[in-house]
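Following the hints, put chain B in place on chain A, whose structure we already have.
There are 2 protein chains.
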Amino acid sequence: MKKLINDVDNLLSESLDGFATAHAGIVTLGPARQFVRRQTLKPGKVALISGGGSGHEPLHAGFVGHGMLDAACPGQVFTSPTPDQMLAAAEAVDTGAGVLFIVKNYSGDMMNFQMAAEMLDRDNATVIVNDDVAVENSTYTTGRRGVAGTLIVEKIVGAAAERGDDLAALKTLGDAVNTATASMGVALTSCTVPAAGKPTFAIGADEMEMGVGIHGEPGRRRVKLASADAIAAELTGAILKDLSLKAGQEVLLLVNGFGGTPLLELYLMVNAVHKVLAGTGVKVARHLTGSYVTSLEMAGCSVTITAADAAMLALWDAPVHTPALRWGM
Amino acid sequence: MKKLINDVDNLLSESLDGFATAHAGIVTLGPARQFVRRQTLKPGKVALISGGGSGHEPLHAGFVGHGMLDAACPGQVFTSPTPDQMLAAAEAVDTGAGVLFIVKNYSGDMMNFQMAAEMLDRDNATVIVNDDVAVENSTYTTGRRGVAGTLIVEKIVGAAAERGDDLAALKTLGDAVNTATASMGVALTSCTVPAAGKPTFAIGADEMEMGVGIHGEPGRRRVKLASADAIAAELTGAILKDLSLKAGQEVLLLVNGFGGTPLLELYLMVNAVHKVLAGTGVKVARHLTGSYVTSLEMAGCSVTITAADAAMLALWDAPVHTPALRWGM
Chain A
0 MKKLINDVDN LLSESLDGFA TAHAGIVTLG PARQFVRRQT LKPGKVALIS
50 GGGSGHEPLH AGFVGHGMLD AACPGQVFTS PTPDQMLAAA EAVDTGAGVL
100 FIVKNYSGDM MNFQMAAEML DRDNATVIVN DDVAVENSTY TTGRRGVAGT
150 LIVEKIVGAA AERGDDLAAL KTLGDAVNTA TASMGVALTS CTVPAAGKPT
200 FAIGADEMEM GVGIHGEPGR RRVKLASADA IAAELTGAIL KDLSLKAGQE
250 VLLLVNGFGG TPLLELYLMV NAVHKVLAGT GVKVARHLTG SYVTSLEMAG
300 CSVTITAADA AMLALWDAPV HTPALRWGM
Chain B
0 MKKLINDVDN LLSESLDGFA TAHAGIVTLG PARQFVRRQT LKPGKVALIS
50 GGGSGHEPLH AGFVGHGMLD AACPGQVFTS PTPDQMLAAA EAVDTGAGVL
100 FIVKNYSGDM MNFQMAAEML DRDNATVIVN DDVAVENSTY TTGRRGVAGT
150 LIVEKIVGAA AERGDDLAAL KTLGDAVNTA TASMGVALTS CTVPAAGKPT
200 FAIGADEMEM GVGIHGEPGR RRVKLASADA IAAELTGAIL KDLSLKAGQE
250 VLLLVNGFGG TPLLELYLMV NAVHKVLAGT GVKVARHLTG SYVTSLEMAG
300 CSVTITAADA AMLALWDAPV HTPALRWGM
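Residue numbers (numbering that gives the first Met the number 0), protein chains in the order written: chain A, 0 to 328; chain B, 0 to 328.
Hints are computed from structural coordinates only; laboratory data are not their basis.
Values in this document were obtained by computation on a predicted structure and should not be read as measured data.
All C-beta atoms in this analysis are idealised placements derived from N, C-alpha and C, irrespective of residue type, glycine included.
Please note that a few of the clues may not be correct.
Derived coverage of chain A by chain B (criterion: at least 3 residues anywhere in the stretch with Cβ under 8 angstroms from a Cβ of chain B; other residues may be distant) [what the hints assert, rightly or not]:
1) 47-59
2) 270-276
Not close to chain A: a few residues of chain B, all C-beta gaps over 10 angstroms, as computed [unchecked claim]:
3) Pro-42
4) Ile-127
5) Asp-308
Computed cross-link-like contacts, DSS-like style, restricted to lysine-lysine with a CA-CA straight-line distance of at most 30 angstroms [to be verified]:
6) A:Lys-197 / A:Lys-223
7) B:Lys-197 / A:Lys-1
8) B:Lys-240 / B:Lys-274
9) B:Lys-240 / B:Lys-223
10) A:Lys-240 / A:Lys-274
11) B:Lys-41 / B:Lys-245
12) A:Lys-197 / A:Lys-1
13) A:Lys-170 / A:Lys-41
14) B:Lys-1 / A:Lys-240
15) B:Lys-197 / A:Lys-197
16) A:Lys-1 / A:Lys-223
17) B:Lys-197 / A:Lys-223
18) B:Lys-223 / B:Lys-1
19) B:Lys-223 / A:Lys-1
20) B:Lys-197 / A:Lys-274
21) A:Lys-197 / B:Lys-170
22) B:Lys-1 / A:Lys-1
23) B:Lys-170 / B:Lys-245
24) B:Lys-223 / B:Lys-197
25) B:Lys-170 / B:Lys-282
26) A:Lys-274 / A:Lys-245
27) A:Lys-197 / B:Lys-274
28) A:Lys-282 / A:Lys-170
29) A:Lys-223 / B:Lys-1
30) B:Lys-223 / B:Lys-274
31) A:Lys-1 / B:Lys-274
32) A:Lys-245 / A:Lys-282
33) B:Lys-44 / B:Lys-1
34) A:Lys-240 / A:Lys-223
35) B:Lys-1 / B:Lys-197
36) A:Lys-274 / A:Lys-223
37) B:Lys-240 / B:Lys-282
38) A:Lys-282 / A:Lys-240
39) A:Lys-197 / B:Lys-223
40) A:Lys-245 / A:Lys-170
Just chain A, with the same shape it has in the complex (with noise of 0.2 angstroms):
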């Protein structure tokens, strides 16, 4: 295992010590690190609450701050974060609006934000993000699995939240943007979990994990590596499918890389991905490309489609200053 560390057992409590220093100036760290919150609230606004295992930054650590996230709990790598911690951060950011949860759907997270969920003393609702298309139940799930549409579904209600929608409306937007939101991922390697210290799957030199997971687990099926346009065309073809999009609609596009795709390589996928959209009549009116939820050192990446209405667009456009993403302000 090749890895940046000391220790794997202080690995997580040494990036968010490096974390909370590099933006001092958007967020600090609760106490015994258990969650990352904005430096400054904004009272009167409902708090948004996300948080899961490691290993998949800049998610959700780096989406805490203006127009996103109030406060992210950390699990260790690939594992849930604990009651408590969502507790902590419940208490940490309610300004007496309200918490809403937004949770990826994998059955630790689902646990543990559901027992906080039912402890805390505060209004709070619970959104729930099952983009990934790939599979019905997995590994780690009851139904689809949450990945990268977490994100959008973050930002929209983020600023839906920064403009002073009540609880009640941010639970229905946030249900909506993931209805609205499918992602399918591939991978072409694995990742290795530090305490793990070795591949999570093994993979041939010519072959690929087609509906891979963010964790490493399997997709659909275990094929040969194919052309970017072939990879484009199923990734694509599947999202469609669940979408059943109409022609002139609107989307948000977010190509995304698992940690260790080079960007020439995304917004090559990009470009494949345009190519596959460009019988189909769907306007791709939002670009983002990058790799915002990784899993680890992975190689590969997933596409998320969010057929977004005009209101949807506009929440995306709105300023946000989080630290891995900014603009508009």
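Then chain B, alone, in the frame of chain A:
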């Protein structure tokens, strides 16, 4: 070789097309994809042009936009662009105030940018970036290599150009930023140039290349993989020795990933560098952390420190709106 591509020969052009599509609000492609330029020029502003081999994305095209470059000329992977490209870019983006070329110190780039500068019938000057303290002379270099410090030169000089500084002042400032900047990197794995189809160098499972260049070229020595703290001590130590910083000096710290290293590890390295700096009296006034000057999918990172005066810090903070860096607007 596992990459998201269709045909090695079209990799760059397909990627540039995707890039231009994804960032159509900011950049546009020149004829025959000779350069990437700003969508909107600012008359009377000195034109900043950089470029170099591809494979280092987001450098340079990702830094075209308000507050940084006016144009970037992409060569094939790890191959200099041609003088024709620089001349075409200069004709396209110079509005009469002259052209400043920002060139990384590699023999191919130096020769081609110098040829363009001599052929160009417009006022021009060149800032050469040679921030890599690892080695004097190297595979592709007479003198020191230009590496991640290039983005700091482009940002600070870009901000000065935006406020209206003239060509002579920008040349002086660019040279000053380069002199105030030092970098050193380490590789844990090799990258694979698509046209070569195999790793650039062989490296053992327990080895790292200390002082590696951004094309995977040799550094100071091949050694056993060490802890993040030990790596940070060696990289930072070499930089501090080069810059001869006094206690109280404010610096800008860039921890840069080479493409295959997760953010989790890069932030851990930020923390490790801070531990090294703790005893020195050097104050980190600004941070940038991420994969900005890459070597395809190489795992590893570099540390860059700029001894920044108040004027440089103000220019660093000035608004920027490019595909890869955005803040303050």
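Verification of the hints:
1. 47-59: holds (count 4)
2. 270-276: holds (count 3)
3. Pro-42: Holds, since 25 angstroms exceeds 10 angstroms.
4. Ile-127: Holds, because the least Cβ-Cβ distance between B:Ile-127 and chain A comes to about 25 angstroms, which exceeds 10 angstroms.
5. Asp-308: With a cut-off of 10 angstroms, B:Asp-308 remains clear of chain A, as the shortest Cβ separation is near 20 angstroms.
6. A:Lys-197 / A:Lys-223: Holds, at roughly 23 angstroms.
7. B:Lys-197 / A:Lys-1: 20 angstroms, holds
8. B:Lys-240 / B:Lys-274: 17 angstroms, holds
9. B:Lys-240 / B:Lys-223: Holds - the C-alpha atoms of B:Lys-223 and B:Lys-240 are around 23 angstroms apart, at most 30 angstroms.
10. A:Lys-240 / A:Lys-274: Satisfied, since the Cα-Cα distance of roughly 17 angstroms is no more than 30 angstroms.
11. B:Lys-41 / B:Lys-245: Cα-Cα ~39 angstroms, so violated.
12. A:Lys-197 / A:Lys-1: Holds, at about 10 angstroms.
13. A:Lys-170 / A:Lys-41: 19 angstroms, holds
14. B:Lys-1 / A:Lys-240: At roughly 28 angstroms apart (the allowed maximum being 30 angstroms), A:Lys-240 and B:Lys-1 satisfy the hint.
15. B:Lys-197 / A:Lys-197: Holds: B:Lys-197 and A:Lys-197 sit about 23 angstroms apart, inside 30 angstroms.
16. A:Lys-1 / A:Lys-223: Within the cut-off at roughly 27 angstroms; holds.
17. B:Lys-197 / A:Lys-223: 19 angstroms, holds
18. B:Lys-223 / B:Lys-1: Status holds; Cα separation ~27 angstroms.
19. B:Lys-223 / A:Lys-1: With Cα atoms ~11 angstroms apart, B:Lys-223 and A:Lys-1 stay inside 30 angstroms; holds.
20. B:Lys-197 / A:Lys-274: 29 angstroms, holds
21. A:Lys-197 / B:Lys-170: The hint is violated at about 50 angstroms.
22. B:Lys-1 / A:Lys-1: 19 angstroms, holds
23. B:Lys-170 / B:Lys-245: 26 angstroms, holds
24. B:Lys-223 / B:Lys-197: Status holds; Cα separation ~23 angstroms.
25. B:Lys-170 / B:Lys-282: Holds. B:Lys-170 to B:Lys-282 sits at ~27 angstroms (cutoff 30 angstroms).
26. A:Lys-274 / A:Lys-245: Holds: A:Lys-274 and A:Lys-245 sit about 17 angstroms apart, inside 30 angstroms.
27. A:Lys-197 / B:Lys-274: 29 angstroms, holds
28. A:Lys-282 / A:Lys-170: Holds, at about 27 angstroms.
29. A:Lys-223 / B:Lys-1: 11 angstroms, holds
30. B:Lys-223 / B:Lys-274: 22 angstroms, holds
31. A:Lys-1 / B:Lys-274: 22 angstroms, holds
32. A:Lys-245 / A:Lys-282: Since the Cα atoms of A:Lys-245 and A:Lys-282 sit roughly 10 angstroms apart, the hinted pair holds (cutoff 30 angstroms).
33. B:Lys-44 / B:Lys-1: 43 angstroms, violated
34. A:Lys-240 / A:Lys-223: 23 angstroms, holds
35. B:Lys-1 / B:Lys-197: Answer holds: B:Lys-1 to B:Lys-197 is near 10 angstroms, not above 30 angstroms.
36. A:Lys-274 / A:Lys-223: 22 angstroms, holds
37. B:Lys-240 / B:Lys-282: 16 angstroms, holds
38. A:Lys-282 / A:Lys-240: At roughly 16 angstroms apart (the allowed maximum being 30 angstroms), A:Lys-240 and A:Lys-282 satisfy the hint.
39. A:Lys-197 / B:Lys-223: 19 angstroms, holds
40. A:Lys-245 / A:Lys-170: 26 angstroms, holds
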